[in-house]
Amino acid sequence: MSGWTRKDLLGLDELSAEELRIILDTAKAFKGVGERSLKKVPALRGHTMVNFFVEPSTRTRTSFELAAMRLSADVVNISATASSLQKGESLKDTALNLEALRADIIVLRHSSAGASRFLAERLQASIINAGDGAHEHPTQGLLDIFTMIEKRGSLEGAEVAIIGDILFSRVARSNIYALNKLGAKVTLVGPSTLVPKAFEKLGVKVAHRIDDILETADVVNLLRIQHERQRKEYFPGIGEYIKLFGLTKARAERLKPGCLIMHPGPINRGVEIDSDVADGDRSVILEQVTNGLAVRMAVLYLCAGGVGLPS
Amino acid sequence: MSQEHPETLLVMDADAIRKAIRRIAHEIVERNTDLSRLVIAGIPTRGVEVAKRILDHIEQIEGVRPEFGVVDVAMHRDDLRRRGRLTAVVPTELPVDLDDRVIVLVDDVLFTGRSCRAALDAISSFGRPARVQYAVLVDRGHRELPIRADYVGKNVPTALEEKIRVRFENLDSVPDSVRVVRAVNS
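Line by line, the protein sequences are chains A and B. Its first residue numbered 1, the first sequence is counted upward by one per residue in full-length UniProt numbering. Its first residue numbered 1, the second sequence is counted upward by one per residue in full-length UniProt numbering.
No lab work stands behind these hints, which were simulated from the structure alone. Among these hints, one or two may not hold up.
Keeping only pairs whose Cα atoms sit at most 27 Å apart, straight-line, the calculated DSSO-like set for lysine-lysine is [said to hold, decoys possible]:
#: 1; chain 1: A; residue 1: 249; chain 2: A; residue 2: 205
#: 2; chain 1: A; residue 1: 151; chain 2: A; residue 2: 28
#: 3; chain 1: A; residue 1: 249; chain 2: A; residue 2: 201
#: 4; chain 1: B; residue 1: 154; chain 2: A; residue 2: 31
#: 5; chain 1: B; residue 1: 52; chain 2: A; residue 2: 28
#: 6; chain 1: A; residue 1: 151; chain 2: A; residue 2: 197
I would like the entire structure built from these sequences, with the hints used as guidance.
Have a look at this one:
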């Protein structure tokens, strides 16, 4: 029987291993809906979900939108440029207005860490964090984990390397929290400016050369170089990055035969990963996108069901 | 907050359950001459167990084992907001194309009829069966929808505040039983 009682999904740091498994098991059931000819179920009929994206995003927003539609919820999309935040309205006031419109679920993407918690503590609506600053991106973390488990069966003892800009990556944080709880061994790989030793406190290993992990990794999760977030002092140059951290064709040949190649997208072809490798047999990048839909359906379903449960 | 009263009334023991399921299997065989078109589909969780046992009996009686399936109900219910308690979502597993098949939906307890309606919705998103029949181990009454079962193991009249508790040895580590449990407000 389900032990889910949360109204919100703010991050994977605060979830127990059991709660993670509930979401993943639920997602497994919802994945089947996308494979039917009629890709819709009535579970959230009568619910209204607001996609509130203060920071731009296409794939996460579309994925949440489609997930809600497949659950028969009504969906409203609001972007920063179209909202009154542009006119000086505070986040809280905007959100209170959304609640006054009887929104049941607010999916929030925001450039400030903690924005989703700020709303969750003030509103009755369920708040789903769709990325808050460099803090967490829980549904991306969940879909990564879902894909790994789907392909491998279990994460117990699996060697997972997360490669790239860890410092600014909310995806990496959500991955680390969940992977640790589910028994995987995590190694972070990147330049020392973007993967400081301090990360070892999270219970992970730190490496500064991709070549160090190629022969041992069961999964390589390549993060996007976030050009929009980079500052010169963190980053010597794209050429240097490719040389030290890019998953080139030659490096990919040194990976174990069953090693999964993952990327949260959008990929910079020829930077984090060679085009041939991204499109190769071991790449599960597009499956991650498909699984994202199932995971988001599960999260929306669980959080919506949590409304009205005793605290 | 409600609590279960320690006193419960045993309405079916293991033998009665076995006989009831065997009778249902006979009735299904009688009514469906072409077993190759039949799919016996359980509604999670205990409906799946009843469905498996019906299949075992049909196999003993006829020497043929019809197809088996699992039909998710949780995500097809439209009263999520009102229930206040979550049902775990289980993947639907249907081994064959449902078009022109005869489906026997199987559940442990028939109560309001909403699970059956949800299961019918689920089935309709997989195909268009020729016919859908409905088998339950216990019919406890209190329907909220115009639904009735084709095969009933036992009719057990109940009060609304009572519950029916079905236990199977292989799932619950206690002998097979159907009990009426009276919930009292504390």
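Taking the hints in turn, this is what the structure says about them:
With a CA separation close to 25 Å, the supplied pair residue 249 of chain A and residue 205 of chain A stays within the 27 Å bound. Between residue 151 of chain A and residue 28 of chain A the CA atoms are separated by roughly 13 Å; this keeps the pair inside 27 Å, and the hint holds. Using a Cα cut-off of 27 Å, the hinted pair residue 249 of chain A and residue 201 of chain A is violated, with the two alpha carbons roughly 33 Å apart. Distance hint between residue 154 of chain B and residue 31 of chain A is unfulfilled; the C-alpha atoms sit about 36 Å from each other, more than 27 Å.
Note on residue 52 of chain B and residue 28 of chain A: the hinted pairing holds, with a Cα-Cα distance of about 23 Å set against a maximum of 27 Å. Annotation: proposed proximity of residue 151 of chain A to residue 197 of chain A is violated, straight-line Cα distance about 31 Å (limit 27 Å).
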